[in-house]
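First to last, the protein sequences are chains A and B.
The first sequence: position 171 = 171 (our numbering), numbered continuously.
The second sequence: position 18 = 298 (our numbering), numbered continuously.
Check the hints yourself; a few may be wrong.
[Stated by the list, open to error] Ranges of calculated distance between the beta carbons of each label pair, as one might list FRET restraints:
#1 A:SER224 - B:ALA473: 35 to 45 Å
#2 A:GLN141 - B:SER455: 35 to 45 Å
#3 B:GLY296 - A:VAL145: 41 to 51 Å
#4 A:THR105 - B:ARG309: 27 to 37 Å
#5 A:VAL17 - B:LEU380: 12 to 22 Å
#6 A:THR105 - B:SER416: 40 to 50 Å
No lab work stands behind these hints: they were computed from the structure.
Even glycine gets a Cβ: it sits at the ideal position worked out from N, Cα and C.
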Amino acid sequence: MNASLSFNPVTDFNQVVTYPFMVHALEAGTIVAVLCGVAGWYMVLRRQSFAGHTLSVMAFPGATGAALVGLPISLGYYIAAGVAALAIGRGRARSYATETASVGTVQTVGLAAGFLFLELNRNVLGGPETLLFGTFLGVSQGQVVGLLAVALIALALVAVIGRPLLFASVDPDVARARGVPVRALEITFLAILGLAVAATSQITGVLLIFALLVAPAAAAQRLSMRPGIGLALSIVFALVIAWLGLGVAYFSIYPVGFWMTTFGFGLYVLVRIVRARVRP
Amino acid sequence: MTPAVQLTSAGVRLGGQPVLSNVTLSVGRGEFVAVLGPNGAGKSTLMRAILGLVPLAGGSASVLGSDPVRARPRIGYLPQRHGFDRETRIRGVDLVRLGLDGARWGVPLPFRRAARERQTTERAKIATTIELVGASAYKSRSIGELSGGEQQRLLIAQALVRDPELLILDEPLDSLDIPNQIAVAALLKRISAARGVAVMLVAHDVNPLLGYLDRVAYLAGGRALAGTVDEVITAPKLSELYGAPIEVLRASDGRLVVVGQPEAPHHHGHRHE
Chain A
1 MNASLSFNPV TDFNQVVTYP FMVHALEAGT IVAVLCGVAG WYMVLRRQSF AGHTLSVMAF
61 PGATGAALVG LPISLGYYIA AGVAALAIGR GRARSYATET ASVGTVQTVG LAAGFLFLEL
121 NRNVLGGPET LLFGTFLGVS QGQVVGLLAV ALIALALVAV IGRPLLFASV DPDVARARGV
181 PVRALEITFL AILGLAVAAT SQITGVLLIF ALLVAPAAAA QRLSMRPGIG LALSIVFALV
241 IAWLGLGVAY FSIYPVGFWM TTFGFGLYVL VRIVRARVRP
Chain B
281 MTPAVQLTSA GVRLGGQPVL SNVTLSVGRG EFVAVLGPNG AGKSTLMRAI LGLVPLAGGS
341 ASVLGSDPVR ARPRIGYLPQ RHGFDRETRI RGVDLVRLGL DGARWGVPLP FRRAARERQT
401 TERAKIATTI ELVGASAYKS RSIGELSGGE QQRLLIAQAL VRDPELLILD EPLDSLDIPN
461 QIAVAALLKR ISAARGVAVM LVAHDVNPLL GYLDRVAYLA GGRALAGTVD EVITAPKLSE
521 LYGAPIEVLR ASDGRLVVVG QPEAPHHHGH RHE
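Go ahead and model the full structure; you've got the sequences and the hints to work with.
Written as structure tokens, this is what we have:
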């Protein structure tokens, strides 16, 4: 790839979209950004960032394990995230007090298992860098369609449970008293989060998923307390981070995960500074 | 009109243990009733029985003229709780709105005329209710940044916004300072009188409520005694209820002190009642 920046946005954009791999990457990035903007907003509201992080780490043994037994790697992402989501949901049901400890333990075991699977199968997968830190090379048309299907399912679920989930997240006791099925919503949300994480880690890698999942949502919640506006901002921020990250990575020798994380971090810091100055 | 709550010889068992037995209690429409008694006397359990969340082991319960489970949609309930975390970033007005639509599935489609009209009515309803509890000044601020008294008013508005016929509040005064306890008691009296809503409030201490209550129900040892404050909170009546000598002292400003209540048996172990 001999990309050079002309500093003319139109020329640069045309240059980027000449290549099918870039078009696929932008499509995939757009899909996962919208999904992460929504799932991340609820995750930050519910303070489940640690659970989200664990779900993404579990994608590592999922992907390497799938490769080891000859399953499609993307299927491995979904299976691992799904199993981890159910495990976390069960742990949460038993006790909130031990949640972080048990989630942390599962996370470490997951990483270790992933490393083992990788060592057993190094000739197929290469090094762990791509799985851990992401790549946007080689997102296929089929993968984009798969991501779109997953995103539509997850977003449809959110649309159905959105308000009761908001109620259960803000005030579970009162919600339960009103007949909202708090437990079922919790499991459903973890499943949605698992889908979002499994989809996104295929682009950003399992370790840098937070660029799209946490940073946009956290920045959006700093800026607006209104659920509708907050969700919209979260989506917009995630899109900006994804597009900027992919665009800049195209012209740079640094990987896309690094750029997305940098833009995500920059946005969050910027919002915090602005908030601190605007507030009396 | 049927009373809001009519319990006849009602009993409740939790985990095989009798928590309440032979409780007879009537709460009229628009009445403001405090449910008093020591820790572990079964106050929260009584409320949960009225809501149909725990079944009766004996006797009968009629709530708003039907059985408790069927009446639940017409009851506003504020469970015993701790305040919101400082970092809970949601506006007071959105919290009140959850009382109206928080249990509704799906997304509202604003381009449909019926949905738009409903939205307008609901917005007006939310504004009136917030006005009623006197929370208009801070309804757009983050709930986590509000004081305990302000949070409590918004929670009362949330419970009231669906026009319940019965409002059940479990220790809503617990975390408030005395002036705020009195202010919330006055507010509840005003609401019960103005809207004809029966209000049942679980409390530790009757004093902030004196002057606002219509009646009290005093629970001890699994049994209940109901009547006006002057009828119930007397040395002979409470001694009989507790089965132990009790003294009731009245301070010069009218405050009541109940002396000599034995420690309540712990019916459900570690659970904080």
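To see whether the hints hold, each was checked on the structure:
At roughly 39 Å, the beta-carbon separation of A:SER224 and B:ALA473 lies within the given 35 to 45 Å, and the hint holds. A hinted range of 35 to 45 Å is violated for the C-beta pair A:GLN141 and B:SER455, which are about 58 Å apart. Range check, B:GLY296 to A:VAL145: about 57 Å between beta-carbon atoms, so the 41 to 51 Å window is missed. For the pair A:THR105 and B:ARG309, the supplied restraint of 27 to 37 Å is violated, since their beta-carbon distance comes to about 55 Å.
At about 47 Å, the beta-carbon gap between A:VAL17 and B:LEU380 misses the expected band of 12 to 22 Å. In this structure, A:THR105 and B:SER416 meet the distance hint of 40 to 50 Å, their C-beta atoms being roughly 49 Å apart.
Of the hints listed earlier, those the structure fails to meet are numbers 2, 3, 4 and 5, in rising order.
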